[in-house]
Amino acid sequence: MNELWPTTDLDPVRRLHALAAGIRGAHVTEAHVDAPFERVWSLLGDLEGGFGQVVTDMERLRVVRRQGERVEALARSRYGMRARLRGVQRPGWCWLQSRFLLIGVAATPEGPGTRVAFTGGVRLPPRAALIPLGVRREGDRNVQRLTALL
Amino acid sequence: MPDERPDDRTVRLVRCAQRGDTLAMAELLDLLAPFVVRVCTPIALDQGPDAAQEALVAVFKSLRTLKKPAALHGWVRAIAVREAVRTAHRAARTVSADLSALPARGDPQLGADIRDVLARLSPEHRAVLMLRDLEGLDERTAAALLGVRTGTVKSRLHRARDTFRKAWTS
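These protein sequence lines are chains A and B, in that order. First residue of the first sequence? That's 1 in our numbering, and the numbers climb one at a time after it. First residue of the second sequence? That's 151 in our numbering, and the numbers climb one at a time after it.
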């Protein structure tokens, strides 16, 4: 009778908080935007288009491989470093990591609008840590850019 | 790694995550989230998502301290139960336990109303039920996880089910 026990799902924004908790220096910026999830994710899910207009940690992002949810992309970070990003992308979720860069984006429907969350920054390999400078400000800017595009 | 056994995969992911690989952490999250939700929701009920999030935050914050990666699920289960009970208490939704309302294992008629029945119990009683009937732990393991004596778990369950059965058939 296991299927009779109450259960639920954990939305991507909650998952992003959990994951960021394990990364020293990471900050999660969360906001509600007045646009339906489909509209928001049509932007954020377009890695070579709208995604780069919102998350400006890197420039000229180009997807070089995609297998199911797994994705690999080349980009140049705004700090000048070339980055080979690897990660997972699915509706409402994008988690990309290169040697020196981390980008996490999550979105989930919230009423008629959407709750979005961003995390990421410059990694401090080999630890699960980010340089804690500017991560909060960058998250706020991501939200502002996203809102302006919607 | 398509031929990898699930246990081997878990151990590999934990080790990679402990070394700072955030992709391994994300993969572990996918693996653990349904499990944590399944443990937390019967205890924390409407606060299930909050409890599951808090549990996963605690898991990832302290993942580096896990010495035996093969013991991941037991370690996570203990954290999830603790956070679910704590969240349920914090929400101040606790109603004093009515032991006569505990459901008997495997009774489909009772299963239909299981959420209503659970809502009448304390978080601690929901935790015992979840560990025994959903997770299938024996009394000894459930008692160790909850920090109570085996006899306490055993007698509570026995008395509760016996009382319930009488109430149901009267």
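These are computed hints drawn from the structure, not numbers from a lab. Mixed in with the good hints there might be a few duds.
Stated by the list, open to error - Pulled from the structure, derived: some chain B residues nowhere near chain A, Cβ distances all over 10 Å: (1) 176; (2) 198; (3) 211.
As the list claims (entries may be wrong) - Interface residues of chain B toward chain A, partial, derived using beta-carbon atoms under 7 Å: (4) 169; (5) 170; (6) 199; (7) 286; (8) 287.
Claimed, not checked - If you anchor each label on the Cβ, the simulated ranges turn out as follows: (9) B:239 x A:49: 40 to 50 Å; (10) B:241 x A:111: 20 to 30 Å; (11) A:70 x B:165: 19 to 29 Å; (12) A:91 x B:298: 22 to 32 Å.
A virtual CB, placed ideally from N, CA and C, is assigned to each residue, including glycine.
Cross-check of the supplied hints:
1. Taking the minimum C-beta to C-beta distance to chain A, about 5 Å, the non-interface status of residue 176 of chain B is violated against the 10 Å cut.
2. For residue 198 of chain B, the shortest C-beta to C-beta distance to chain A comes to about 5 Å, within the 10 Å cut-off, and the non-interface label is violated.
3. Some Cβ of chain A comes within 10 Å of the Cβ of residue 211 of chain B; the nearest lies about 5 Å off, and the non-interface call is violated.
4. The closest approach between the C-beta of residue 169 of chain B and any C-beta of chain A is roughly 6 Å, which is under the 7 Å cut-off, so the hint is satisfied.
5. With 7 Å as the threshold, the beta carbon of residue 170 of chain B comes within range of chain A, its nearest partner Cβ sitting at about 4 Å, so the hint holds.
6. Annotation: residue 199 of chain B was flagged as interfacial toward chain A, and the flag holds, the nearest CB pair being 6 Å apart, inside 7 Å.
7. A least Cβ separation of about 9 Å between residue 286 of chain B and chain A goes past the 7 Å threshold, and the interface hint is therefore violated.
8. For residue 287 of chain B, the suggested interface contact is broken, since its CB lies about 14 Å from the closest CB of chain A, more than 7 Å.
9. In this structure the supplied range 40 to 50 Å holds for residue 239 of chain B paired with residue 49 of chain A, their Cβ-Cβ distance being about 47 Å.
10. For residue 241 of chain B paired with residue 111 of chain A, a C-beta distance near 22 Å keeps the hint of 20 to 30 Å intact.
11. For residue 70 of chain A and residue 165 of chain B, the hinted distance range of 19 to 29 Å is satisfied, since their beta carbons lie about 20 Å from each other.
12. At roughly 43 Å, the beta carbons of residue 91 of chain A and residue 298 of chain B sit outside the given window of 22 to 32 Å.
Checked against the numbered hints above, the structure violates hints 1, 2, 3, 7, 8, 12; every other hint is satisfied.
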